[in-house]
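There are 2 protein chains.
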Amino acid sequence: MAKYKIGIIGFGKIARDQHAPAIVNSPNFELAAISNVSGGPSPGSIPSFATYPEMLKQVADLDAVAICTPPGPRRTIAADCLAAGKNILLEKPPAGTVTEVADIEHRAKAAGKVAFATYHAQHNAAVKAAAAALTGKRVKVLQVTWKEDIRRWHPGQDWILDAGGFGIFDPGINAMSILTRIMPEPIFISSAELYVPANRQGPIAADLSFSTGLQPDEQLRGVLDWRQTGPQTWEIDVETTDGLKLKLSDGGARLEIAGQPPLIGPPDEYPDIYREFASLLDASQSKVDAAPFQLVADAFMLGRRTPVEAFSF
Amino acid sequence: MAKYKIGIIGFGKIARDQHAPAIVNSPNFELAAISNVSGGPSPGSIPSFATYPEMLKQVADLDAVAICTPPGPRRTIAADCLAAGKNILLEKPPAGTVTEVADIEHRAKAAGKVAFATYHAQHNAAVKAAAAALTGKRVKVLQVTWKEDIRRWHPGQDWILDAGGFGIFDPGINAMSILTRIMPEPIFISSAELYVPANRQGPIAADLSFSTGLQPDEQLRGVLDWRQTGPQTWEIDVETTDGLKLKLSDGGARLEIAGQPPLIGPPDEYPDIYREFASLLDASQSKVDAAPFQLVADAFMLGRRTPVEAFSF
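Quick note, the sequences are listed as chains A and B, same order. If you read the first sequence in our numbering, its first letter stands for residue 126, the second for the next number, and so on. If you read the second sequence in our numbering, its first letter stands for residue 126, the second for the next number, and so on.
Accuracy of the hints is not assured; some may be wrong.
The list treats identical chains as one, so a pair stands whether inside a single copy or across any two.
[As the list claims (entries may be wrong)] SDA-like cross-link-like pairs, simulated, lysine to any residue; straight-line CA separation at most 20 Å: (1) LYS412 with GLU230; (2) LYS128 with PRO168; (3) LYS412 with HIS231; (4) LYS370 with THR270; (5) LYS265 with THR201; (6) LYS412 with ALA227.
Note that these hints are calculated values from the structure, not bench results.
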């Protein structure tokens with residue numbers, strides 16, 4: 126079967142470090158073009174264009190595009206690419222607002238093209254195993270702990286703490302995406318405490334309370350914090366009503382279930398994204414998941430804001 | 126045809142002033158029971174219960190319920206009522222978070238019951254006429270002006286300016302619901318400035334910038350403000366690319382189109398809600414519209430916060 130010819134739109138760090146290698150190493154895709162506004166080097170001999178309309182025009186036989194820009198312009202880009210007959214891939218967060226995600230889904234359907242909006246953390250083998258282990262069970266206790274060092278992961282990125290930058294929910298959406306993937310029942314934000322540096326708009330930390338309607342909310346909690354130096358913590362602990370205890374750690378790469386040897390998945394998130402994208406293309410089927418992003422928007426809507434110490438990089 | 130037997134859950138001001146009379150005067154419904162936690166008087170001889178589970182148990186032949194509680198508990202109530210085999214009506218905002226709205230929709234589908242989540246302002250004849258007038262056109266200029274006096278409409282309601290109370294978006298969602306009803310193309314929040322009293326969590330005013338991808342965002346604006354004394358202003362002005370100019374005023378009750386006599390609808394929002402609910406019940410068809418609420422959540426997520434003068438009732 127011929128490979129799908131794919132172009133990357135937006136060639137920043139994540140496209141360079143993750144998408145491009147995953148595509149190049151995939152049996153299903155051929156990296157045929159890159160649109161790179163900032164004009165940095167493109168890998169090997171891949172044709173590179175300054176704008177995506179130029180790319181769409183010059184490499185007319187692209188089957189698909191991976192839209193790797195910042196979230197703000199994604200809806201417009203997605204609409205243009207769908208109108209040009211391309212299938213589209215969007216990694217988290219899928220767009221600048223949740224309303225835009227629904228629009229992308231509708232346009233893909235109207236165009237008869239595939240839209241795949243996904244979240245890299247969901248593509249860990251350990252996350253899938255956790256979802257399987259929780260199927261049919263009921264969660265009694267949930268503790269999300271997502272603590273990392275903003276200076277280490279986002280040095281100098283002032284926009285990320287500005288309005289529309291999502292603040293701590295930029296990494297926090299990874300935790301939300303694991304939650305919506307593994308929880309055996311729907312989960313909602315019941316309250317949120319947002320800690321906002323005196324000189325910023327976005328939260329640098331958040332305490333979340335969740336609800337399932339099946340357990341007291343105080344047993345379903347989340348702590349997100351960007352002020353953690355030293356070891357980084359990306360963990361989700363779950364206890365079910367029938368006594369199963371499991372812990373996802375390393376951002377979803379590692380699963381421990383009491384009484385079993387740990388499952389440590391390979392660093393395989395982006396290759397798995399492209400495997401699933403190929404399956405969806407083979408089946409002409411879209412998959413647009415707005416649920417993790419919706420939890421983020423809900424947290425902002427319900428959030429109580431507490432000012433904290435000013436933050437500088 | 127026999128009337129649908131309906132119960133009201135939550136018998137506060139809006140249920141008493143709007144839902145109950147609309148039901149009593151409807152040819153399609155019979156007001157058969159009321160659940161009224163606060164225990165105020167119920168109209169005429171309608172059976173009244175202290176809790177909705179008690180109502181569902183004692184008046185087992187209810188066809189439907191109108192859930193008129195504050196938004197927080199609505200998802201749980203909706204889930205319980207659907208599980209008990211009841212069709213449900215929810216007026217704005219449909220639930221406490223947007224994620225919960227999708228859950229209600231899924232549960233109704235799974236239960237084979239009708240869920241109708243609607244917004245009263247959409248039920249004005251003038252709003253429907255505006256939507257018809259804009260069909261197939263392209264909006265060039267949009268100005269939403271929603272200015273009212275919080276002390277007049279919400280005296281002493283501190284919760285409305287607290288976290289989760291939605292602030293100015295409590296009335297502002299009415300404007301959003303008209304927008305999503307009349308706009309001929311999808312509309313998104315592109316930025317929001319939220320004005321938050323120094324002693325409160327919720328915005329008392331907001332400047333909104335919208336986007337359609339078809340016009341410069343600066344031509345698509347909204348101003349919401351709860352600090353307006355004197356005359357109250359609930360207006361939406363629209364100009365299309367082909368020169369049509371229309372103004373909705375009085376919260377959607379009045380439509381003026383340049384060159385035509387004004388259309389002034391009757392005060393008919395809630396009767397129209399129940400007419401449409403009856404049609405949906407006749408057709409066993411749900412209609413769950415989350416779009417206006419989604420715009421509100423998006424505005425909170427993108428919103429830049431500016432502190433303003435402390436507010437006291």
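Results of checking the hints against the structure:
no.: 1; hint: LYS412 with GLU230; result: both (8 Å within a copy, 19 Å between copies)
no.: 2; hint: LYS128 with PRO168; result: within (19 Å within a copy, 70 Å between copies)
no.: 3; hint: LYS412 with HIS231; result: both (11 Å within a copy, 17 Å between copies)
no.: 4; hint: LYS370 with THR270; result: within (16 Å within a copy, 53 Å between copies)
no.: 5; hint: LYS265 with THR201; result: between (42 Å within a copy, 18 Å between copies)
no.: 6; hint: LYS412 with ALA227; result: both (11 Å within a copy, 16 Å between copies)
When held up to the earlier numbered hints, the structure conflicts with none and fits them all.
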